[in-house]
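The working numbering puts the sequence shown at residues 1 to 150.
The set of hints was computed from the structure by calculation and includes no laboratory data. Note that the Cβ used here is the ideal one computed from N, Cα and C, for glycine as well. Do not rely on the hints blindly, as some may be mistaken.
Quick list of simulated restraints, FRET-style, between CB atoms [what the hints assert, rightly or not]: (1) I31 x S7: 15 to 23 Å; (2) V34 x P111: 17 to 25 Å; (3) G104 x I24: 32 to 40 Å; (4) F39 x H106: 38 to 46 Å; (5) F102 x L36: 28 to 36 Å; (6) L32 x T107: 34 to 42 Å.
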Amino acid sequence: MYVMHNSEYPLSCFALFENGPCLIADANFDILMVKLKGFFQNAKANKIESRGTRYQYCDFLVKVGTVTMGPSARGISVEVEYCPCVIANDCWNLLMEFMQSFMGNHTPGIPSVFGTKHDSIYSPADTMVQYMELFNKIRKQQQVPVAGIR
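Build the full structure now, drawing on both the sequences and the hints.
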(Lines of atoms letter the chains of each structure in order from A and count residues from 1; the text may use other names and numbers.)
(Lines give C-alpha, C1' and ligand atoms only; values in the text may rest on other atoms or scores of the structure.)
Protein backbone atom coordinates (compact mmCIF):
# COMPACT_ATOMS: atom_id res chain seq x y z
CA MET A 1 0.00 0.00 0.00
CA TYR A 2 1.24 3.47 -0.91
CA VAL A 3 0.17 6.50 1.13
CA MET A 4 0.29 9.68 -0.94
CA HIS A 5 -0.51 13.37 -0.50
CA ASN A 6 -1.28 16.06 -3.06
CA SER A 7 -0.91 19.79 -2.37
CA GLU A 8 -4.03 20.45 -4.48
CA TYR A 9 -6.02 18.47 -1.89
CA PRO A 10 -4.35 19.30 1.45
CA LEU A 11 -7.13 17.82 3.60
CA SER A 12 -7.01 14.44 1.86
CA CYS A 13 -4.75 11.44 2.04
CA PHE A 14 -4.67 8.82 -0.72
CA ALA A 15 -3.96 5.15 -0.03
CA LEU A 16 -3.24 3.23 -3.21
CA PHE A 17 -2.95 -0.51 -3.51
CA GLU A 18 -0.82 -2.14 -6.22
CA ASN A 19 -3.19 -2.80 -9.16
CA GLY A 20 -6.13 -2.15 -6.89
CA PRO A 21 -8.40 0.56 -5.54
CA CYS A 22 -7.53 4.02 -4.30
CA LEU A 23 -8.88 4.98 -0.89
CA ILE A 24 -9.39 8.68 -0.21
CA ALA A 25 -9.35 9.57 3.47
CA ASP A 26 -8.87 12.68 5.54
CA ALA A 27 -5.41 13.91 6.49
CA ASN A 28 -5.50 12.00 9.81
CA PHE A 29 -5.08 8.71 7.93
CA ASP A 30 -1.31 8.96 8.54
CA ILE A 31 -1.92 8.90 12.30
CA LEU A 32 -4.03 5.77 11.92
CA MET A 33 -1.23 4.10 9.95
CA VAL A 34 1.26 4.87 12.75
CA LYS A 35 -1.06 3.12 15.20
CA LEU A 36 -1.21 0.10 12.87
CA LYS A 37 2.57 -0.17 12.51
CA GLY A 38 2.41 -3.80 13.67
CA PHE A 39 0.54 -4.59 10.44
CA PHE A 40 2.11 -2.14 7.99
CA GLN A 41 5.83 -1.46 7.63
CA ASN A 42 6.77 2.11 6.73
CA ALA A 43 9.37 2.11 3.96
CA LYS A 44 11.17 5.41 4.64
CA ALA A 45 13.98 4.47 2.25
CA ASN A 46 11.49 4.36 -0.63
CA LYS A 47 10.08 7.85 -0.02
CA ILE A 48 9.70 9.60 -3.34
CA GLU A 49 8.15 12.98 -4.05
CA SER A 50 7.56 15.52 -6.77
CA ARG A 51 7.90 19.21 -5.90
CA GLY A 52 7.67 22.05 -8.32
CA THR A 53 5.78 24.98 -9.71
CA ARG A 54 2.14 25.36 -10.73
CA TYR A 55 1.31 27.45 -13.78
CA GLN A 56 -2.05 28.51 -15.21
CA TYR A 57 -2.38 29.36 -18.88
CA CYS A 58 -5.97 30.21 -19.90
CA ASP A 59 -7.97 27.05 -19.10
CA PHE A 60 -4.90 24.84 -18.67
CA LEU A 61 -3.18 24.01 -15.41
CA VAL A 62 0.45 22.85 -15.75
CA LYS A 63 2.58 21.55 -12.89
CA VAL A 64 6.27 20.91 -13.49
CA GLY A 65 8.14 19.17 -10.71
CA THR A 66 11.43 17.55 -9.81
CA VAL A 67 11.05 13.96 -8.66
CA THR A 68 13.38 13.14 -5.78
CA MET A 69 14.26 9.98 -3.89
CA GLY A 70 15.96 10.93 -0.67
CA PRO A 71 18.40 13.76 -1.31
CA SER A 72 18.89 13.19 -5.05
CA ALA A 73 16.83 14.21 -8.08
CA ARG A 74 15.64 11.26 -10.19
CA GLY A 75 13.45 12.83 -12.86
CA ILE A 76 10.94 15.45 -13.92
CA SER A 77 7.16 15.27 -13.76
CA VAL A 78 4.79 17.29 -15.92
CA GLU A 79 1.09 17.29 -15.04
CA VAL A 80 -1.36 18.97 -17.42
CA GLU A 81 -5.05 19.55 -16.73
CA TYR A 82 -7.71 21.13 -18.91
CA CYS A 83 -9.93 22.64 -16.20
CA PRO A 84 -13.30 22.95 -18.02
CA CYS A 85 -13.39 19.24 -18.90
CA VAL A 86 -14.30 16.51 -16.40
CA ILE A 87 -14.44 13.59 -18.87
CA ALA A 88 -10.77 13.04 -19.71
CA ASN A 89 -11.38 11.13 -22.95
CA ASP A 90 -13.43 14.05 -24.30
CA CYS A 91 -10.45 16.40 -24.22
CA TRP A 92 -7.48 14.07 -24.71
CA ASN A 93 -6.75 15.34 -28.25
CA LEU A 94 -6.75 18.93 -26.99
CA LEU A 95 -4.42 17.97 -24.13
CA MET A 96 -2.06 16.23 -26.59
CA GLU A 97 -1.96 19.27 -28.87
CA PHE A 98 -1.27 21.58 -25.92
CA MET A 99 1.50 19.33 -24.53
CA GLN A 100 3.13 19.02 -27.96
CA SER A 101 3.42 22.81 -28.07
CA PHE A 102 6.00 22.77 -25.25
CA MET A 103 7.15 19.14 -24.98
CA GLY A 104 7.60 18.37 -28.67
CA ASN A 105 8.29 14.71 -29.38
CA HIS A 106 8.52 13.96 -25.62
CA THR A 107 4.73 14.16 -25.31
CA PRO A 108 3.51 10.98 -23.58
CA GLY A 109 0.88 8.63 -24.92
CA ILE A 110 -2.55 8.18 -23.40
CA PRO A 111 -2.31 7.20 -19.70
CA SER A 112 -3.40 3.69 -18.74
CA VAL A 113 -5.96 5.12 -16.28
CA PHE A 114 -7.95 6.41 -19.28
CA GLY A 115 -8.40 2.86 -20.57
CA THR A 116 -10.55 1.94 -17.59
CA LYS A 117 -12.50 5.22 -17.46
CA HIS A 118 -13.95 5.57 -20.95
CA ASP A 119 -16.71 8.11 -20.32
CA SER A 120 -16.64 8.53 -16.58
CA ILE A 121 -15.70 11.60 -14.57
CA TYR A 122 -12.00 12.10 -13.91
CA SER A 123 -11.19 12.31 -10.20
CA PRO A 124 -8.21 13.22 -7.99
CA ALA A 125 -7.69 9.48 -7.38
CA ASP A 126 -6.94 9.08 -11.11
CA THR A 127 -4.18 11.68 -10.82
CA MET A 128 -2.70 9.86 -7.84
CA VAL A 129 -2.72 6.54 -9.75
CA GLN A 130 -0.74 8.24 -12.52
CA TYR A 131 1.77 9.61 -10.00
CA MET A 132 2.12 6.13 -8.48
CA GLU A 133 2.82 4.69 -11.96
CA LEU A 134 5.43 7.40 -12.59
CA PHE A 135 7.10 6.88 -9.21
CA ASN A 136 7.20 3.09 -9.67
CA LYS A 137 8.78 3.55 -13.11
CA ILE A 138 11.43 5.82 -11.58
CA ARG A 139 12.07 3.36 -8.73
CA LYS A 140 12.60 0.52 -11.22
CA GLN A 141 15.08 2.62 -13.20
CA GLN A 142 17.13 3.12 -10.04
CA GLN A 143 17.50 -0.60 -9.30
CA VAL A 144 20.94 -1.79 -10.33
CA PRO A 145 21.03 -5.31 -11.78
CA VAL A 146 23.23 -7.73 -9.88
CA ALA A 147 25.98 -9.24 -12.02
CA GLY A 148 26.82 -12.91 -11.59
CA ILE A 149 30.29 -13.71 -10.32
CA ARG A 150 32.16 -16.72 -11.78
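Verification of the hints:
As the Cβ distance of I31 to S7 is approximately 19 Å, the hint placing it in 15 to 23 Å holds. V34 and P111 have their C-beta atoms about 32 Å apart, which leaves the hinted 17 to 25 Å range violated. Between G104 and I24 the Cβ separation comes to about 35 Å, which falls inside the hinted range of 32 to 40 Å. The hinted window of 38 to 46 Å between F39 and H106 holds, with their beta carbons roughly 41 Å apart.
Between F102 and L36, the C-beta spacing of about 43 Å breaks the proposed range 28 to 36 Å. Taking the beta carbon of each, L32 and T107 are about 40 Å apart, inside 34 to 42 Å as hinted.
Going through the hint list in order, the structure does not satisfy hints 2, 5.
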